[in-house]
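**Student:** Given next are the chains, with one letter for each unit.
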Amino acid sequence: EAAVTQSPRNKVTVTGGNVTLSCRQTNSHNYMYWYRQDTGHGLRLIHYSYGAGNLQIGDVPDGYKATRTTQEDFFLLLELASPSQTSLYFCASSDGTGGALEQYFGPGTRLTVL
Amino acid sequence: GDSVTQTEGLVTLTEGLPVMLNCTYQTIYSNPFLFWYVQHLNESPRLLLKSFTDNKRTEHQGFHATLHKSSSSFHLQKSSAQLSDSALYYCALSDLPYNQGKLIFGQGTKLSIKP
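Chain order of the listed sequences is L and R. Letter by letter, the first sequence follows residues 8 to 121 in our numbering. Letter by letter, the second sequence follows residues 94 to 208 in our numbering.
In short, the hints are calculated from the structure, not lab data. Treat each hint with caution, since some may be false.
Stated by the list, open to error - The list that follows gives simulated cross-link-like pairs (lysine to aspartate or glutamate, EDC-like), each with its CA atoms no further than 20 Å apart:
(1) Lys162(R) <-> Glu152(R)
(2) Lys171(R) <-> Glu108(R)
(3) Lys18(L) <-> Asp147(R)
(4) Lys162(R) <-> Asp147(R)
(5) Lys203(R) <-> Glu136(R)
(6) Lys203(R) <-> Glu101(R)
(7) Lys143(R) <-> Asp102(L)
(8) Lys207(R) <-> Glu101(R)
(9) Lys203(R) <-> Asp45(L)
As the list claims (entries may be wrong) - Here are the computed distance ranges between Cβ atoms for each label pair:
(10) Leu121(L) <-> Gln170(R): 38 to 46 Å
(11) Asn124(R) <-> Asp66(L): 22 to 30 Å
(12) Tyr57(L) <-> Asp95(R): 14 to 22 Å
(13) Ala59(L) <-> Pro111(R): 42 to 50 Å
(14) Phe145(R) <-> Ser89(L): 35 to 43 Å
(15) Leu110(R) <-> Leu84(L): 44 to 52 Å
(16) Glu108(R) <-> Leu95(L): 22 to 30 Å
(17) Asn61(L) <-> Phe145(R): 35 to 43 Å
(18) Thr76(L) <-> Pro208(R): 44 to 52 Å
(19) Thr33(L) <-> Glu101(R): 36 to 44 Å
(20) Phe145(R) <-> Tyr57(L): 14 to 22 Å
(21) Asp95(R) <-> Ala59(L): 24 to 32 Å
(22) Ser123(R) <-> Leu84(L): 35 to 43 Å
(23) Asp66(L) <-> Ile121(R): 14 to 22 Å
Since this is a predicted model, take the numbers as computed values, not measurements. Backbone N, C-alpha and C fix where the C-beta goes; we use that ideal spot for every residue, glycine too.
In isolation and in its complexed conformation, chain R is listed as follows (with noise of 0.2 Å):
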């Protein structure tokens, strides 16, 4: 079945550093969209960005990922981080027709920006 991963547990880092925070897909529907969010904590989860578009750019609060079809990846970056951006992230998918309306999430990644 369709599935999302991302990198796993908790990612910490020093202010200032660049952030990637990987997304890999799997599904058989060639036109899949895909999301990020964010969960800042005791908020709740919020959408950072979105794709529909292979090979484009897509950016949003800084941060910035690109779908790529051929390597079925939605990785989130940024080039410098900020205190503010630690937060729970996860990678999701939607291809309508073959999940019925349901969003497939991965399991989350929590980033913390360390000063």
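Next up, chain L with everything else stripped away, as it sits in the complex (with noise of 0.2 Å):
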């Protein structure tokens, strides 16, 4: 099975703080996601890559940044947060061999914005 592990698990920011959230797999997967999921909304994704220096852009993207450091890190960053970006995040990553695109979540990094 996949891993996929993100840091911090919680964090608390205030209003125009900068915040970094971090995701690493071990499996070598080439494709690598950030998603929120807020009740009502489901998963929205908010960028991906397909490989190290990569970045394509999602459905939800204002706000964010994002960057694809090797192979096995994906950073997610807000610059000036919001408390509409308060949410649960998660981190998912991909192999993508055959078309599949069966994605390996991470635990979730809980995020609040005051």
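Hints in hand, dock the two standalone chains.
**Tutor:** In structure tokens, the structure reads:
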């Protein structure tokens, strides 16, 4: 089973604060993803990447930056956090072989912006 | 664009009754992969079922689904609900050449099983 870890698991910041969420996968998957999950909205894709140095824009990218520094590591950056970004954030990875794109999710980071 | 539509909102069932959660999809790609993910309370989503083959039943952990390309459907079923089936269920679509690595998720269906 693929291993995806996230840190921190919980984060509280203030409006205007600077936050970095980290994700690491140890299975050499090509694709990595950042989602947010909010009641009533399901899983929404923020950004994703298909390799080190690559970044693709997702469906709800406003207010977020991301960077894929290595095959294993994918970071989500909130440079001026707002209360609307209070959410549960999931990172996921996928091999993408054969087009299956089966995704493995990390444990999530709960972010609160006061 | 591509989309996935699921049974809306909350489905409440009594333990022992059959479960059916609907999923239909739209895509221009003729060979999509379809997935069901399950998310229990305070956990992350995990894969429950996946299918690529038309009209072939896929089973896992008591759940089953059949991809029907003629009706663009991939409904999730179980013959007898258990209390432990209470969770949030997502249907998802993958059509790699067109969506460049994205999974298209439905909005999710919350299943609540009562004793």
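**Student:** Given a hinted range of 35 to 43 Å, is it respected by the beta-carbon distance of Ser123(R) and Leu84(L)?
**Tutor:** holds (38 Å)
**Student:** Given the hint of 14 to 22 Å, check if Phe145(R) and Tyr57(L) actually sit that far apart at their C-beta atoms.
**Tutor:** holds (21 Å)
**Student:** Is it true that the C-beta distance of Asn124(R) to Asp66(L) lies inside 22 to 30 Å, as the hint says?
**Tutor:** holds (23 Å)
**Student:** Between the alpha carbons of Lys143(R) and Asp102(L), is the straight-line distance 20 Å or under?
**Tutor:** Holds: Lys143(R) and Asp102(L) sit about 15 Å apart, inside 20 Å.
**Student:** Falls inside 36 to 44 Å, the C-beta gap from Thr33(L) to Glu101(R)?
**Tutor:** holds (37 Å)
**Student:** How does the Cβ-Cβ distance of Leu121(L) and Gln170(R) compare with 38 to 46 Å: does it lie in that range?
**Tutor:** For Gln170(R) against Leu121(L), whose Cβ atoms are near 44 Å apart, the range 38 to 46 Å holds.
**Student:** Does Lys171(R) pair with Glu108(R) here, judged by a C-alpha cut-off of 20 Å?
**Tutor:** holds (11 Å)
**Student:** Quick check on a hinted range of 24 to 32 Å for Asp95(R) and Ala59(L), using CB atoms only.
**Tutor:** holds (27 Å)
**Student:** Tell me if the beta carbons of Thr76(L) and Pro208(R) are separated by a distance inside 44 to 52 Å.
**Tutor:** holds (49 Å)
**Student:** Taking the Cβ atom of Asn61(L) and the Cβ atom of Phe145(R), is their distance within the range 35 to 43 Å?
**Tutor:** violated (26 Å)
**Student:** So if I understand the rule, the pair passes when the alpha-carbon distance is 20 Å or less; does Lys18(L) with Asp147(R) pass?
**Tutor:** violated (44 Å)
**Student:** Taking the Cβ atom of Phe145(R) and the Cβ atom of Ser89(L), is their distance within the range 35 to 43 Å?
**Tutor:** holds (41 Å)
Of the numbered hints listed earlier, those contradicted by the structure are 3, 17.
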